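Undergrad: Following the hints, put chain F in place on chain X, whose structure we already have.
Here the protein sequences come in this chain order: X and F.
All residue numbers for the first sequence refer to my numbering, where the first residue is 1 and numbers rise by one.
All residue numbers for the second sequence refer to my numbering, where the first residue is 1 and numbers rise by one.
BS3-like, lysine-lysine: derived pairs with alpha carbons at most 27 Å apart:
(1) X:Lys50 x X:Lys121
(2) F:Lys50 x X:Lys50
(3) F:Lys50 x F:Lys126
(4) X:Lys56 x F:Lys50
Anything over 12 Å on all C-beta distances counts as not near chain F; from chain X, calculated:
(5) Thr20
(6) Ala113
(7) Ser117
(8) Val120
(9) Gly122
(10) Lys125
(11) Lys126
(12) Gly137
(13) Val150
(14) Lys165
(15) Leu172
Listed next, the stretches of chain X that the computed footprint assigns to chain F, with coverage defined by at least 3 CB atoms under 8 Å from CB atoms of chain F:
(16) 40 to 52
(17) 60 to 67
(18) 72 to 86
No lab work stands behind these hints: they were computed from the structure.
As the structure is a computational prediction, the values presented were derived from the model and not from experiment.
We put the CB at the ideal spot given by N, CA and C, even for glycine.
Each chain is listed here by its residues.
2 protein chains.
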Amino acid sequence: MSDQGFILWFTGLSGSGKSTLAGRVAPLLRERGVKVEILDGDEVRENLSKGLTFSKEDRDVNVRRIAFVADLLARNGVCAMTAAISPYRAIREEARSKSRAPFVEVFVDAPLAVVESRDVKGLYKKARAGEIPHFTGVHDPYEPPLRPEVVVRTGEESPEQSAAKIVEHLRLRGLVR
Amino acid sequence: MSDQGFILWFTGLSGSGKSTLAGRVAPLLRERGVKVEILDGDEVRENLSKGLTFSKEDRDVNVRRIAFVADLLARNGVCAMTAAISPYRAIREEARSKSRAPFVEVFVDAPLAVVESRDVKGLYKKARAGEIPHFTGVHDPYEPPLRPEVVVRTGEESPEQSAAKIVEHLRLRGLVR
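With the rest of the complex left out, here is chain X (with noise of 0.2 Å):
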């Protein structure tokens, strides 16, 4: 069982708590005996893609080159975390169909307002002043998934009910014990 790799895909909204929840939920893997790779976004920008912008194009080949690295990963075994904003649909059902091991998609739900309002990072303050071209949520769409494997609403519960239901949806599918 810990040799069947998968794909846990999370998308949402800037400050949505992608990587936080990603966080949280690779302890819970690994102690079931799960290998895991977090691939968050600022660092496959780091090592994948440097000099790459924010523009449609540009992020449509951060995320290519995510799930790439996130399938290679899978197919031997390992729970591979993608935890990018990665707001175009057409982009992760290409990821997912171009997938060799079972790709969940985790829809990290927070309305703009919550997350604007928090808005951990100062970014969304910088958006709003011009400072940052392209910012999901403030110039481009973030289009949501039509059918996620799971939703968790981070505004309503706790990092550790939404990883909870991760789990949870992973148990019932098989994909950890």
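TA: Positioned in the frame of chain X, the structure of chain F alone reads:
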């Protein structure tokens, strides 16, 4: 034992036989229970580095990306084989030092005269005609490894002989059965 990942880093001139050799070694490792992924130079360019040129700077970026992915795989129990020319010693050494898994450098040592006379893909001819810039061995240097773990001489040995040398090294190192 099959959970011990490592990086098998092939380096050598274009046409020296890196990909051929990786393709020969892969089934020998799989039959010993090792998971294998081959990160071929062309495939990586397509999936991770589209748009990069063959300038020294861009090659270094490309090789760093290969090293990042190879390390992710190796630390999760996979034998990650890389088969890019990777002509610059400093970046190969960087890849080695950043790897969290054993790093085995295989110098595919074929004289320029030999690979150029074979010219399997017709690239040397184009490079000499000025149609391909920055071609390693023609315009740009190839810096051979100083202390590679394995040296194979594909101008003199058969692919079977070279592959056997590599597997024997891995066996002696305790990386495969």
